[in-house]
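Asker: Protein chains in written order, with the working numbering: chain A, 14 to 294; chain B, 14 to 294; chain C, 14 to 294; chain D, 14 to 294; chain E, 14 to 294; chain F, 14 to 294.
Rather than coming from a laboratory, the hints here were simulated on the basis of the structure. Incorrect hints may appear among the rest.
What the hints assert, rightly or not - Only pairs whose alpha carbons sit at most 30 Å apart, straight line, appear in this in silico DSS-like list of lysine-lysine: (1) E:K73 - F:K179; (2) C:K199 - A:K179; (3) E:K73 - B:K73; (4) F:K199 - B:K147; (5) D:K147 - C:K73; (6) B:K147 - A:K73; (7) A:K179 - B:K147; (8) E:K199 - D:K199.
Unchecked claim - Negatives, chain B to chain E, calculated, CB over 10 Å: (9) I83; (10) A85; (11) E133; (12) T154; (13) D174; (14) D211.
Heads up, the beta-carbon is just placed ideally off N, CA and C, and yes, glycines get one too.
Protein chains: 6
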Amino acid sequence: MLSDLLIEQIVRGALLEDIGRGGDVTTDSILSEDLVTRAAVVARQPGVIAGHEPTRTTFKMLNPSVEYEILAPDSAMIDDGTAIARLTGPARAILTGERTALNFLSHLSGIATAAHSLVERVEPYRARIVCTRKTTPGLRTLERAAVVAGGASLHRYGLDDAVLIKDNHLALSGSLTEAVTAVRRKIGHMLKVQVEVDTLEQLREALQLSIDAVLLDNMPLETLREAVSVVDARITTEASGSVTPENVAAIAATGVDLISSGWITHSAPGLDVSMEIDLHR
Amino acid sequence: MLSDLLIEQIVRGALLEDIGRGGDVTTDSILSEDLVTRAAVVARQPGVIAGHEPTRTTFKMLNPSVEYEILAPDSAMIDDGTAIARLTGPARAILTGERTALNFLSHLSGIATAAHSLVERVEPYRARIVCTRKTTPGLRTLERAAVVAGGASLHRYGLDDAVLIKDNHLALSGSLTEAVTAVRRKIGHMLKVQVEVDTLEQLREALQLSIDAVLLDNMPLETLREAVSVVDARITTEASGSVTPENVAAIAATGVDLISSGWITHSAPGLDVSMEIDLHR
Amino acid sequence: MLSDLLIEQIVRGALLEDIGRGGDVTTDSILSEDLVTRAAVVARQPGVIAGHEPTRTTFKMLNPSVEYEILAPDSAMIDDGTAIARLTGPARAILTGERTALNFLSHLSGIATAAHSLVERVEPYRARIVCTRKTTPGLRTLERAAVVAGGASLHRYGLDDAVLIKDNHLALSGSLTEAVTAVRRKIGHMLKVQVEVDTLEQLREALQLSIDAVLLDNMPLETLREAVSVVDARITTEASGSVTPENVAAIAATGVDLISSGWITHSAPGLDVSMEIDLHR
Amino acid sequence: MLSDLLIEQIVRGALLEDIGRGGDVTTDSILSEDLVTRAAVVARQPGVIAGHEPTRTTFKMLNPSVEYEILAPDSAMIDDGTAIARLTGPARAILTGERTALNFLSHLSGIATAAHSLVERVEPYRARIVCTRKTTPGLRTLERAAVVAGGASLHRYGLDDAVLIKDNHLALSGSLTEAVTAVRRKIGHMLKVQVEVDTLEQLREALQLSIDAVLLDNMPLETLREAVSVVDARITTEASGSVTPENVAAIAATGVDLISSGWITHSAPGLDVSMEIDLHR
Amino acid sequence: MLSDLLIEQIVRGALLEDIGRGGDVTTDSILSEDLVTRAAVVARQPGVIAGHEPTRTTFKMLNPSVEYEILAPDSAMIDDGTAIARLTGPARAILTGERTALNFLSHLSGIATAAHSLVERVEPYRARIVCTRKTTPGLRTLERAAVVAGGASLHRYGLDDAVLIKDNHLALSGSLTEAVTAVRRKIGHMLKVQVEVDTLEQLREALQLSIDAVLLDNMPLETLREAVSVVDARITTEASGSVTPENVAAIAATGVDLISSGWITHSAPGLDVSMEIDLHR
Amino acid sequence: MLSDLLIEQIVRGALLEDIGRGGDVTTDSILSEDLVTRAAVVARQPGVIAGHEPTRTTFKMLNPSVEYEILAPDSAMIDDGTAIARLTGPARAILTGERTALNFLSHLSGIATAAHSLVERVEPYRARIVCTRKTTPGLRTLERAAVVAGGASLHRYGLDDAVLIKDNHLALSGSLTEAVTAVRRKIGHMLKVQVEVDTLEQLREALQLSIDAVLLDNMPLETLREAVSVVDARITTEASGSVTPENVAAIAATGVDLISSGWITHSAPGLDVSMEIDLHR
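In isolation and in its complexed conformation, chain A is listed as follows:
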């Protein structure tokens, strides 16, 4: 429900960034205010679509009378050349919003496509792909929706909706036991606690404590497999560290519950999309 309030805020910032204070001097000079047109948003490479909400909001914020018809919805797998959406309305709003809108659609579809490339490789296994907090500053809400559109799952949103005790916390605090005890004393009963471990020894210490999940960071496959066996399904296991389409199936085969990937949000190339004016109305 909230997304509308947040999305409008993000889109407003993006539009002001592009249009500035002086307005679209090109479009406003060339096209008359009452010119109406149709246009199509078309994919220039195959992928998975995400980002229709901010894309539509971009045009609507410029002119509420723009009609935005979704042809290939979020989560759809499309081929090169597929028409993703059709626009009808004032030509000025459509041209002025074009770049900002496509920037959203390209970026988010790129993330959905990357996520899906991992998801499809782990389908034979129990493991689910989850995202991380390695997102683009300001776009986490949208990027998490793109991750879900790509078939992956969500990790905690940020620093306040779950506890994750990482190596740097342990480097600065006494011990894992003390850290977990301190956390449990402070947080409410509705927050989960996860601990990052690098070795099986740490894992065994962690399993003595009141935790809900364990992050097995950068472990070799062999160690991962043993870790899964040590945990024995008592808590959730998550593998992380340099996950790629190439190695993700092997990681999944170790039996972990979750595989987290920062790559799908911080390094996914944009999906190539463009807008074509349709003159045959």
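With chain A fixed as given, assemble chains B, C, D, E and F onto it according to the hints.
Answerer: Okay, now just chains B, C, D, E and F, sitting in the frame of chain A:
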């Protein structure tokens, strides 16, 4: 001068996005308020650095007493393992800000590195690499600075600081001549006008008009070379369309003044950077 | 760490609300800009203190040179007449900020005092007192801190950091089983799920499902006791509904883990506090 | 006229506080986007209603298609069980907005009810009940409307729309005479001046000056009566200090024009209201 | 006290308006970051100074290390060539802020000068000059301070801090008597009521009612004089309508208490001020 | 396209400034919520109209059902007594918005009128009148539109959309040649460069450099004429300095391309406009 006002706004949004309403429940539970530490930001792969300003601002906004010492400044080319910055200050602020700060540094250094990979390939030629408006929504200011850190140059900021008449404008207006005339009548004397052309015929029409630059879009190398010859240095020439590290030198060899690349901003993978707590104080 | 950003935003709103556009016409007319004074914030009734952060921020935002010394910190139980804080600085800022600052301190100390009145009555039992989302619009961050200052614990912050399936959800969805299944499919692994039940029958159905806690709503003491026995410590039990200082011990005696109270946030009377100018400097 | 702009701002803050960044994960997982329902807002105790505007705005901001029909308007005195409003519309918006909306309605109706409990006791007398600036930070606009809904009147809004010279001002300035003179020299002709006095002697000094009203602070009934006689209707008289439903009639009987109460805004318990899903459509 | 919060908001808007998103490309390209300079702000015509606060804030917001020394304070009457302020600090901040700062100083000093030109002409009389709500949108706070710097007085700030019943209100309501009665029933005891009258007949009706001031709109001098006599000092009298330096003394001679002028805020020409770089450090 | 987003922001600020927190206490007390009226906005002196957009937005923001019919559009030259716009809708919104709306219309029409007074005097010549950055803080967007409505043209918007090297830059940098070289190295190819010169000698140096325009500051007519001859149409020439309706034709007669005037924005008197309630519906 403005950048401070804008950067603070962007960083505030990024921090609120990560920390939410409840605060960093992990760090606040485990570490005491007066614990002080040192930490190092370290590169995990070679590249070109960009983004120190938002990175430093992230920590400073959480606690002004954090000291942020730059070891490898923006534009520096670094190797895997290079220490990029050193932090000293309250441990809570350093751990709470870690992810947000690294998200800025990784994303922007990734762009600088991508930009540089094109720049170094065109060094023998007159062509400069320039960015486009295909930036991540909300981060254009920072991404343009990263492009410059990578050695490339700037195109117009947005829709209001220069005129660019593109194919979609021409599809909707009468003719190129009418479009340029309309634009010149409306804009002030301090704005430049560029026109996108797809063919040599269009180019010849454009050259009759009062324009400052021409965008040669998606032309084969042969055509590009001829276009440069037709223009004969009277106005600025810019080549665009599917520029990659592989083909950029060949494009530059045609003699164009500028080569624009959306890839350096919309598809650059993040540079791998991490933070290490330094216990030997 | 975040609290500073959020607290400043709340305090700015409160100050603008009181000072308006014209400024404090009384103080600015009567007192010279360079007059310095001391003042004491004094309790006029016994209670538990909370709210020093927004109180101090109020004065600091008007003039950073105001010194605010805490005499009775958050969580302190104080008697009528106790000096809670001492102020030194520009008289204008101290008088202009007086009412806004005391409004924060009174409201939040009232909540801490109410929370503590429940907490002290359940000390012999395992049950902890927890707050609800029945907070004053705009002040949840501060009110939750006041609840903690009063010795009680926290429930979920809002709608996004945990799942709570309530009677109205069940009235509109198919069944509890379907609802829990739908939730588990959508949410990440780091969010907990709680279910509200009104009867032992519902409780037994809930216990078959993958949930972390159960909310036993408005049950008679007898039923509560039986519910605790049915749950048998497998998941967290929370009692709610018309909790008062009078009945809270009896509820705790049933063996529930948590007792939630909306009363401590929505109906706590303000603690009477006032500011006295101290002329003997 | 303004209230809409201000109310939307307050409601937006309250919704963002509850829904956060992740949205209502419970409702969004369980209920489909196109499910429509009816619901009733029902009082669980007798009282006076206030707050329909922010309550309605809460639902409308989530989804403009929610219909909000007022059954018991602001100022209405209702019994336990009375239906206050009827909702029809998307089930998601109704459930997501439920707690935020009821928090407004409960808090503001509690204030209206408290105000009315004083107002009805002074009906035989000339005295009117007025509110103070002891309001909840951020909600003054709404709380003042609730005070009016309860039948009481308004004091100055804040520090800029009238002058009130209080004891702390006098402690820091030379004399009452000097203070009033300074104020009159600075302010425009459209602002009124009130002075707080603690003794009849101060009152007599004040009456020599150009003031519009006097605040008789914490005076015994006997002294109050004498003060009213001394003033002899030349200026407005206001009694303040520990006003309760028990003593308010006696205070009114002294003949004062106004009786101000902080209690009605800072300590009024919330009115118990709840929302029931109505399945018989 | 508030003014700082409001002034910072106004100055931030003005700076963002001038500097945009790309920064001061001229200054940043030419001057090094560590160049320090001195500069003087100098008047190019005689007048009365106002606006040091926003002027100083402009430079400080760009760089807190800029020193701003006031040479001719607000309210000072200066000659052509007078140095108004001296600046020392980073050359970039001084040049980037120059235009925005001077725009404030020129505009506000122009208003102070215009106000003073009326004030000095009515000195022999009891009448004070007051401003109106005909201010430049967004700058009322600053313009009212400039009016005071010019020696004039303040009318109500806006629509909420006093009542002014104007001709258009009367055109739409029943009668003046009904209007005043309605107003008195609604507003608190701390708001004053003024009524606009065009004729002596209206004036006599108004004097029967509970009002604090009367606005004698566009009356000939003869009628004004008679109106003053009719009022006989019972309430405040204000003359308005086409007040100029030429006719203001004649209006004052009628004996009115106040003369209001929109001209001093809506039509005052800017005072010519410029900034000179001082190279002899 | 952007203007709507920016205009709404400016109008919201102006309304909040006038209506404050308490609302229009006069109108709300006297007129019922459902009273509907018609009104006309009428000019009280001849001039050129500008500002319909913010004027209409003011009323619409108070109540979207107000109809605003434009009778004399932006750019129209009107006589004393001309009806500029007709309003129909809720009387409360019309009266509450009256002053804010007229403040926009008067201020902006005053600027259009001033601009036109210069434009009409240079019609026989090639010179166009252009505005400067000497605008009222916060209103540049609107004032530039008013300048265009008056028939004049636009200079750069702010510090980031073009380069203007002024005397103060040269005072602090080495030489004009170095300054232009530094600028060209930093800026993109789409920004123009203008240089301010005070003498023919400076002009000759400037003409050796890569610049697009020259600002001939405060030159005597004789020198101006010679400067135009020296430039010989190679770059754009702009004259500035104390331009008035009296001397503008003589300046234009020198043959310069542009004449810039700060006077049209910083010192234009407001156009006298008022609103009349129309009772004959």
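Asker: Next, verify each hint and record whether it holds.
Answerer: Verification of the supplied hints:
1. E:K73 - F:K179: Roughly 22 Å separates the two Cα atoms, so the pair holds.
2. C:K199 - A:K179: Distance ~26 Å between C:K199 and A:K179 Cα, so the pair holds.
3. E:K73 - B:K73: 19 Å, holds
4. F:K199 - B:K147: 21 Å, holds
5. D:K147 - C:K73: Roughly 20 Å separates the two Cα atoms, so the pair holds.
6. B:K147 - A:K73: Holds - the C-alpha atoms of A:K73 and B:K147 are around 20 Å apart, at most 30 Å.
7. A:K179 - B:K147: Since the Cα atoms of A:K179 and B:K147 sit roughly 36 Å apart, the hinted pair is violated (cutoff 30 Å).
8. E:K199 - D:K199: Measuring from Cα to Cα gives roughly 28 Å; hence the hint holds.
9. I83: Non-interface label on B:I83 holds, nearest chain E Cβ at 14 Å vs cutoff 10 Å.
10. A85: 19 Å, holds
11. E133: Given a closest Cβ separation of 24 Å, the condition holds.
12. T154: B:T154 is in fact no farther than 10 Å from some Cβ atom of chain E, at 6 Å.
13. D174: Given a closest Cβ separation of 7 Å, the condition is violated.
14. D211: 29 Å, holds
Checked against the numbered hints listed earlier, the structure breaks hints 7, 12 and 13; every other hint is satisfied.
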